[in-house]
Amino acid sequence: MPSSVFYRQFERHDHAAGLHAHATTYCPGCGHGLAQKYLAEAIDELGVQDRTVLVSPVGCSVFSYYYFDVGNTQAAHGRAPAVGLGHKTANPDSIVICYQGDGDLASIGLAEIISTAQMGIPITVIFANNAIYGMTGGQMAPTTLTGQRTTTTPEGRTLFSGQPLKVAEMIAGLDGPVFVERVALYDNKHRTHARRAIKKALELQVNGVGFAFIEVLAECPTHLKLSPEETEHWVRDNMEPVFPLGVKKDITDGPHYPTIPTPSFDVERILSVLGTTSEQPTRYATGFPAHLDPDDISLKLAGAGGDGAQTAAMLITRSAIAEGFDSTHIPSYGPESRGGTSYADVHVAAVEVLSPAAPHPHVLVAFNAPSLAKFGPTVRAGGVVIYDSSIITEVPDGRADGVRMVGVPFTAVAKELGSAVVKNIVALGALQGVTQLFPKDTFLAAIRASLGNHRAMLALDVQAFERGAALAAEFVAGP
Amino acid sequence: MPVALEVTALETRVTSNVNKPEPTLLPEYCKGCGRCIDSCTKGCISLGTEINPLTGLVPVTLDLDRCNHCGLCIDACPEPFGMRPEGEEVAFELVDPTHLCGPRPFDSPIPIPRPDVTVPLPERSTMVMKGTYAVAVGAVLAGCRHVYGYPITPSTEGAELMAKVQPALDGVFVQAVSEVAAVNMMYGAGGAGKRCMTFTSSPGFSLMLEGISYMIGAEVPAVFVNIMRGGPGLGNIAPEQADIKLACRGLGHGNTQAIVFAPATPQEMLDCSMLAFELAFQYRNPVVILGDGYLGQMTGKVRLPDHMVVPGIPEWAVSGDHSHRGNLICSIELSEVGLEAHNLMLDAKYDRMTAAEQRADLHRCDDADVILVACNTPAQSAKGAVKELRAKGVKAGLFRPITLWPFPIDALRAVLPQAHRLVVVEASSGQLEDEVRLALSHAEVQPPPMSHVQRQGGMLPSQAEIVEHVLSVEGVR
Ligand SMILES: Cc1ncc(C[n+]2csc(CCOP(=O)(O)OP(=O)(O)O)c2C)c(N)n1
Ligand code: SF4
Ligand code: SF4
Ligand code: SF4
Chain A
1 MPSSVFYRQF ERHDHAAGLH AHATTYCPGC GHGLAQKYLA EAIDELGVQD
51 RTVLVSPVGC SVFSYYYFDV GNTQAAHGRA PAVGLGHKTA NPDSIVICYQ
101 GDGDLASIGL AEIISTAQMG IPITVIFANN AIYGMTGGQM APTTLTGQRT
151 TTTPEGRTLF SGQPLKVAEM IAGLDGPVFV ERVALYDNKH RTHARRAIKK
201 ALELQVNGVG FAFIEVLAEC PTHLKLSPEE TEHWVRDNME PVFPLGVKKD
251 ITDGPHYPTI PTPSFDVERI LSVLGTTSEQ PTRYATGFPA HLDPDDISLK
301 LAGAGGDGAQ TAAMLITRSA IAEGFDSTHI PSYGPESRGG TSYADVHVAA
351 VEVLSPAAPH PHVLVAFNAP SLAKFGPTVR AGGVVIYDSS IITEVPDGRA
401 DGVRMVGVPF TAVAKELGSA VVKNIVALGA LQGVTQLFPK DTFLAAIRAS
451 LGNHRAMLAL DVQAFERGAA LAAEFVAGP
Chain B
1 MPVALEVTAL ETRVTSNVNK PEPTLLPEYC KGCGRCIDSC TKGCISLGTE
51 INPLTGLVPV TLDLDRCNHC GLCIDACPEP FGMRPEGEEV AFELVDPTHL
101 CGPRPFDSPI PIPRPDVTVP LPERSTMVMK GTYAVAVGAV LAGCRHVYGY
151 PITPSTEGAE LMAKVQPALD GVFVQAVSEV AAVNMMYGAG GAGKRCMTFT
201 SSPGFSLMLE GISYMIGAEV PAVFVNIMRG GPGLGNIAPE QADIKLACRG
251 LGHGNTQAIV FAPATPQEML DCSMLAFELA FQYRNPVVIL GDGYLGQMTG
301 KVRLPDHMVV PGIPEWAVSG DHSHRGNLIC SIELSEVGLE AHNLMLDAKY
351 DRMTAAEQRA DLHRCDDADV ILVACNTPAQ SAKGAVKELR AKGVKAGLFR
401 PITLWPFPID ALRAVLPQAH RLVVVEASSG QLEDEVRLAL SHAEVQPPPM
451 SHVQRQGGML PSQAEIVEHV LSVEGVR
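Protein chains in written order, with the UniProt record's numbering: chain A, 1 to 479; chain B, 1 to 477.
The set of hints was computed from the structure by calculation and includes no laboratory data.
The model shown is predicted, which means the values in this text are computed figures rather than measured ones.
One should not assume that every hint holds.
Within a straight-line C-alpha distance of at most 20 Å, the following computed PhoX-like cross-link-like pairs (lysine-lysine) qualify [to be verified]:
no.	chain 1	residue 1	chain 2	residue 2
1	A	Lys189	B	Lys42
2	A	Lys200	A	Lys189
3	A	Lys199	A	Lys189
4	A	Lys189	B	Lys20
5	B	Lys20	B	Lys42
6	A	Lys249	A	Lys166
Using the sequences and the accompanying hints, generate a full structural model.
Below, the structure written as structure tokens:
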């Protein structure tokens, strides 16, 4: 009786019509049939039929799902290791087998096999190297021998085809795999050995040890245009010298691949991981800051990367939302993110922010001269510009339409407090002092909430904010 | 219809008193390859001479007088039903398969579906987050614990958040070797019945299209978030909407469609994300969420939903367990008739989506003379323009498709009669407008005059540009 891991009849093979019910699609003498028979026996002997997911490749073994009575997935050309990884991570208890040919694995799918092997996740890969593209009609494979004639190397490999790829050695050179072996099928001894190797590779997955890879030198009599027996000899005499048999890597006594955990759906845990809270923020404002605009205030904060414009902008948005208003913040660094300008557009709306951009802000906070030069003229009539007076020394005269220019030494104050990085908080304090967008407490609560684990920064931030607010208040009061 | 074939049932012969059985071979299942011949050291097997009329091949012949039951010939035979050990019965009849098997083709177990469970969430305070984060949060609450991706600006933050959140929930986050690998991991995990997703941006989305075609063919659900950036080619990382064509008309090769969401705010990013997973599984089809670079980066307020989902395992999944063993995830159908039938089945599914999943938001369209059509961030600018235009005496409204495919033509059709102009606002050279025109044409609706406001290269149409355009086409000054 054939291994019970084969379907009793191959329903998917032409609806089991006639002889198709019990015959493979392989040509007489094809190595695929043998490798797959040993694979079926191994699944059977290890008792993992129910847990097995077999990933069929594209190539002559594309229809592996006709034969194996296991969970089956058919992958795109070369992608079996990625598909297999998807299955293994979806259900770590499943036994995932990728069966692939040499075009599939060693040409189009190189990136997938290398990265999956290097990860070392327990998956079993059976790699049938027959030195040719079988399915598409005998073209050169990455494993085609030098001098071997194929339909795309009619005179053997050329200067544009490179040399045969020694896949087992390449995979063995990676850190991830625990076991790599190359086997052959051309005589009794080697067949017995191949069987054992395939079973071992599978067992290593069943025991959770790690990634195992078996390269099988397989016969393709059809495209070698030899008899099955001659093909066996061809493999022995021509392939084996180029692709030496044997174990290429064995670290199976080393540590096992770590256990893949089971995902949690615990409500409390999820809500905590997502950083949610049931605490309603305190509202300090008595209403929308309509003295700035009846229903939608726009602000721009601009400086160089590292000035903290984005953080300050985020704190404004958080403050606004805590007060029950709508607010948006869009950062913009663009290609100049590396040391270039970094600016943030913020809206605070009574009901809903519509257009989130701030081409004509009510308030501009400028951390350096280029930002002031670029955005100063865009501030709308009656608006305000707050700038770092310790950096910006030349300030254009106040505009005729009443844009106020408020200079506060963000950097100098921050340095005086011992840390230049809080200059954005000084700026935020100044913004509060000048605009009275929200009460101080609103901003301080937002600062507190956003510090999270960095509570040590709080005292410094509070000081920076208060100093900025006080300086701005002085400025507003006038000399 | 295959002809009924009668082949002699195999009798169980009494095996000899050695432990190992004798080999046996039904000539019909011998391909005549001869691999067994040189495996036998006793010379029991020889090349046949007669062509088997059923196979057209020449099976080998056995003469087991000297056989020592070593079994090597069995190990040498590549055919599962070829050389076999004698003495084990095989129910063995070649008949017309339609008589042979009932509704289920083989005796694999019947899958038992494990349904999703909806769990209520307690009231939480309003959160403040970016659009990409909001999609991620929606996905987590929709039960997604499998995220595969490859970093690309401006979608990366979503993946980065998942790289923290998933391990904290014992979920899976894999940074793949490429977008090609990522989409194929999704094919595997989605095929195993898990809710999985990726974050990508335009160039990465292009690379995923082949895989999406396979997923649609094999009916594998998954959610793709594409935060569109400027193209073509490497373009830039600023916002564009120039992948609408890909998502609505070009999901890889073959007859492919998927529901395409185009949210406009961080809140809607979350809402669409949750809905996307539900619909992906309901229809067994990928779902695409298109955002623009602005929306991905935009921080705004987000309220959590009142429930989350603990996903089950669908009955079709290849989940690697007993009950699902008989399943297959596959996009191959060799027979032309079979593949046409498969495509007709997909068409019927697309029709069901078209009937049930059109979504749109209409803002002041009821009395609008000028209807702006826009999605994603440009829709917010257009909404601002509606307000400004109304203040200037132009009765404008905004028609905002939330699903770009299926296009919400029914809702648009309803407000068209009194409008005398449609203005399509987008950050692409007419890809949204093409969808509008195609939908109108299929619905055989004669639209009013259409014009557009388009920006490209990473710039979105501004509120001022929209207002300016409408005032000029309307002749208002
Ligand atoms: C994307 C893509 N490119 C090309 C093909 C065509 N194709 C099908 S099988 C194959 C080669 C398979 O060769 P191999 O992996 O050596 O398997 P074999 O047929 O020899 O078993 C190719 C190129 C495809 N199916 N998909
Ligand atoms: S073409 Fe070659 S690889 Fe393909 S089935 Fe035939 S013998 Fe096997
Ligand atoms: S079982 Fe051994 S001896 Fe008997 S036919 Fe097969 S190979 Fe020959
Ligand atoms: S190995 Fe199998 S298929 Fe090949 S000749 Fe022998 S019995 Fe027939």
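Hint by hint, here is what the structure shows:
{"no.": "1", "hint": "A:Lys189 - B:Lys42", "verdict": "16 Å, holds"}
{"no.": "2", "hint": "A:Lys200 - A:Lys189", "verdict": "17 Å, holds"}
{"no.": "3", "hint": "A:Lys199 - A:Lys189", "verdict": "16 Å, holds"}
{"no.": "4", "hint": "A:Lys189 - B:Lys20", "verdict": "19 Å, holds"}
{"no.": "5", "hint": "B:Lys20 - B:Lys42", "verdict": "16 Å, holds"}
{"no.": "6", "hint": "A:Lys249 - A:Lys166", "verdict": "14 Å, holds"}
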